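Put together the whole structure using the sequences plus the hints.
Number of protein chains: 2
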Amino acid sequence: MSRQRERIIIVGGDAAGMSAASQVRRLRPDAEVVAFERTTHTSYALCGLPYLVAGLVDDPGKLVARTPDAHRRAGIDLRLRSEVIGIDLDRREVIVWDAEARREYREPFDRLVLATGARPRTLAVPGREAAGIFTLHSLDDALALAAWLQNERPRQAVVVGAGYVGIEVAEAFVTRGLPTTVLEAAPQVLTLLDPDMAELVERAMRDAGIDLRTSTPVEGFQTRGGRVVAVDTPHGSVPADVVVIGIGVEPNSELAGQAGIELGDRNAIHVDERCRTSVPGVWAAGDCADAYHRLLGRSVYFPLGTTANKQGRICGLDLAGRPARFPGIVGTAITRFGETEIARTGLSEREARAAGFEVAVGSVRSTTRSGYFPGATWMTVKIVADAGSGKLLGAQIVGGAGAGKRIDTVATALTAGMTLEEFIYLDLAYAPPFSPVWDPVVVAARKLAREV
Amino acid sequence: MSRQRERIIIVGGDAAGMSAASQVRRLRPDAEVVAFERTTHTSYALCGLPYLVAGLVDDPGKLVARTPDAHRRAGIDLRLRSEVIGIDLDRREVIVWDAEARREYREPFDRLVLATGARPRTLAVPGREAAGIFTLHSLDDALALAAWLQNERPRQAVVVGAGYVGIEVAEAFVTRGLPTTVLEAAPQVLTLLDPDMAELVERAMRDAGIDLRTSTPVEGFQTRGGRVVAVDTPHGSVPADVVVIGIGVEPNSELAGQAGIELGDRNAIHVDERCRTSVPGVWAAGDCADAYHRLLGRSVYFPLGTTANKQGRICGLDLAGRPARFPGIVGTAITRFGETEIARTGLSEREARAAGFEVAVGSVRSTTRSGYFPGATWMTVKIVADAGSGKLLGAQIVGGAGAGKRIDTVATALTAGMTLEEFIYLDLAYAPPFSPVWDPVVVAARKLAREV
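Quick mapping for you: the protein sequence lines, in order, are chains C and U.
My numbering numbers the first residue of the first sequence as 1123 and each following residue consecutively.
My numbering numbers the first residue of the second sequence as 1123 and each following residue consecutively.
No lab work stands behind these hints: they were computed from the structure.
One or more hints might be untrue.
Each pair may be met inside one copy or between any two copies, as identical chains are not told apart.
As the list claims (entries may be wrong) - With a straight-line Cα cutoff of 25 Å, these simulated SDA-like cross-link-like pairs (lysine to any residue) come out: (1) K1513 with E1543; (2) K1569 with A1482; (3) K1569 with W1500; (4) K1569 with R1396; (5) K1569 with D1152; (6) K1569 with R1148; (7) K1184 with V1565; (8) K1513 with E1544; (9) K1513 with K1569.
Here the structure is a predicted model, which means the values were calculated and not measured.
Following this line, the structure appears as structure tokens:
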């Protein structure tokens, strides 16, 4: 047998997959890098889709960080409209469906990266297939929704689910002047926040004119001529000529599961700190994989674009023989509704209790800038700590411009394992246009430090 | 002898002194707390003065965090227009000049806190005493300057010094539409920044119409009828009918020095981590004291309002028998010039080299938000690390809205002693309105991590 170039196959052409592909391409010019993507898009900003719908981003092309052509020019053998439909671990081959040529073929690999992403959770209720009902999890989804808004000129929108995507879509509709009802099965929006913090978001949504109904599950869709006309709930029906369902995502891990690769939390592909799966020679990264949660001390499914990029980088480095260690996540997330910024990191009070911590919490309402400075707005910070050790466990922020990104200070402190006492003496930046003399995150921690 | 209440004397009624007074008042209701302040103001925001001059803050009262009356209601024996002019450590007494009653008296103490603050550095050149020449280091300074601007309607301003205060005053003058020249003796503005970063600030100042002249020391002031009319430099004279001198501050430490209390860096009162001076029973805090610099491993004079508040708190806790430990500073500072935010933490490249580190640096220009998101502006981040260990040493940021406070992430990481490799995998908040998927501070660190 003649010695061949090593062949690395990447399944999935978005953040994680193409980060891995780019890293290994750069560091291992000798290897062959083949990437399969079932759509015609690569490396685009999933998190930007609601803003495309809002019209704040005017050109879908702007969401594409790197085009297929750019990847090819970089030396990646990128195959679009090519879906990997099976993995044969014995023969070290993937089975590919080429939608263009309408044929199936096998491609051998030496090493394999699974970056198959996630898909929207389904809502199995009558009428779900009617026209006018959308999800928002791909560029094609966003284009379809934008076309519907443009062509059908809907007059009454319903958003099902008040998680991050639901809230961002609701903002998009409000921005477009479309009357909007948000239906959430849980008793609060954004269940990653504690109820007291979620309430601040709910108030902002209602103030913007949204008809927000919590504890209101969707039981079905009424249709006329195949088009949605209303949404049924236990408390009556809501007229709607456009609906977006955003009730979370689940990992595309069936390929891996069928091949016998170990799955973990919520069926995500379980990976170690080098993004290796349970099968030698197979890596996974991004929204199809789990990630180690530093505060919980176990791997969880918490799919986010930032983690996808980091895991992709780790994969690429590992494939290139330069192993790096992903130290894990702390559960940071951020979004906004209109002018209201919403951020969280670590564990919420509820999550911390569920994880068995003895919890102490402190909340403050403070200004984003010195109170006397023009543009100062209000923000609320909630800090969660371990009552015994005083160790920081998490924070949540809801507030005006400049509030949200302060969560990074807490995320960094959590990563370092700081106590409240260490946290309150951090040397944070102060000048009147930026902050009160004690930063609001510190004020919350100080309040708590007195009690712990 | 009958047992008396313990008497704690505080010298200085601003941030550090009144923080200490308030803490000990709250925690030790049994003690007598006496505070001497030589002006009639307490607890006001020194950092807000330039914005009062700019007219952005319309009422000086808004800068007062806590009035004398409020302190008195809290049970502090606050004596205004009362200057401590001597400390008699043998007899444990302070000597007070009561400017109201025009008399001197002695007041015994059991424990003493020196919070005498700082004063502007003087510029010993001819004409310095002319009318129209100001410094900006007290509420009275600001009111005097504002009155001059109001009554004399100057048409040509000169700011001497391009440190934080100089830049903020220049911004204030530009805001008021006053043609402004800034004269700086050093070859660059803001010597706490490296030249490459300072250049970005210089560009912003010039773009705003400021006549900025670096390497231009002031040799004297020309006067007419006792009023300033021009500023002399080696490169010619600059007409001026209002001048603000902002060339740094020096500690008010003479009282302490004369009493035999140890002074340190730049004659600041040397304190330990509990803010105790070299003399038992005497504490110091704020702009008259030094602070331990965690990266330099020694105490330095780096006077800032945030540190003053923290040291005041530490003092108060210690006096109340609840010793806390001030872990030190990392050299964080922030300001802005117009829309340009300017921040730094840790050591600059220059400072790190001077301290003997083998230095690696990385700079990037990135957007504050996802590049496609409305409102995204440019920011430049420079990261400094130890070339051998990869340990973070510092960062500098110059950029648009949202850029500056990102320094807190680095300040927190510095405090935790993180390496570049740890820093780049931090779980920082990402959504398109807030950040690119890799935060700019991380992009700079990634660039550097490849080189270290």
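Results for each hint:
For the identical chains of this complex, K1513 and E1543 are neighbours both inside a copy (9 Å) and across copies (24 Å), given an alpha-carbon limit of 25 Å. Taking CA atoms no more than 25 Å apart as the test, K1569 paired with A1482 passes inside one copy only; the shortest distance there is 11 Å, against 39 Å between copies. In this assembly of identical chains, the alpha carbons of K1569 and W1500 lie at most 25 Å apart only when taken from the same copy (18 Å versus 36 Å across copies). Taking the shortest alpha-carbon separations for K1569 and R1396, only the inter-copy value of 21 Å comes in at or below 25 Å, while the best intra-copy value is 39 Å.
Proximity of K1569 and D1152 under a CA criterion of 25 Å is satisfied inter-copy only: 23 Å between copies versus 58 Å inside one chain copy. In this assembly of identical chains, K1569 and R1148 lie within 25 Å of each other by CA distance solely across copies; the values are 14 Å between and 49 Å within a copy. Within a single copy, K1184 and V1565 get their C-alpha atoms only as close as 40 Å, which misses the 25 Å cut-off; across copies the closest is 20 Å, which meets it. For a Cα distance limit of 25 Å, the shortest separation of K1513 from E1544 qualifies both inside one copy, at 9 Å, and across copies, at 20 Å.
Only within a single protomer do K1513 and K1569 lie at most 25 Å apart by alpha-carbon distance; the minimum there is 14 Å, versus 32 Å between protomers.
Checked against the numbered hints above, the structure breaks none of them.
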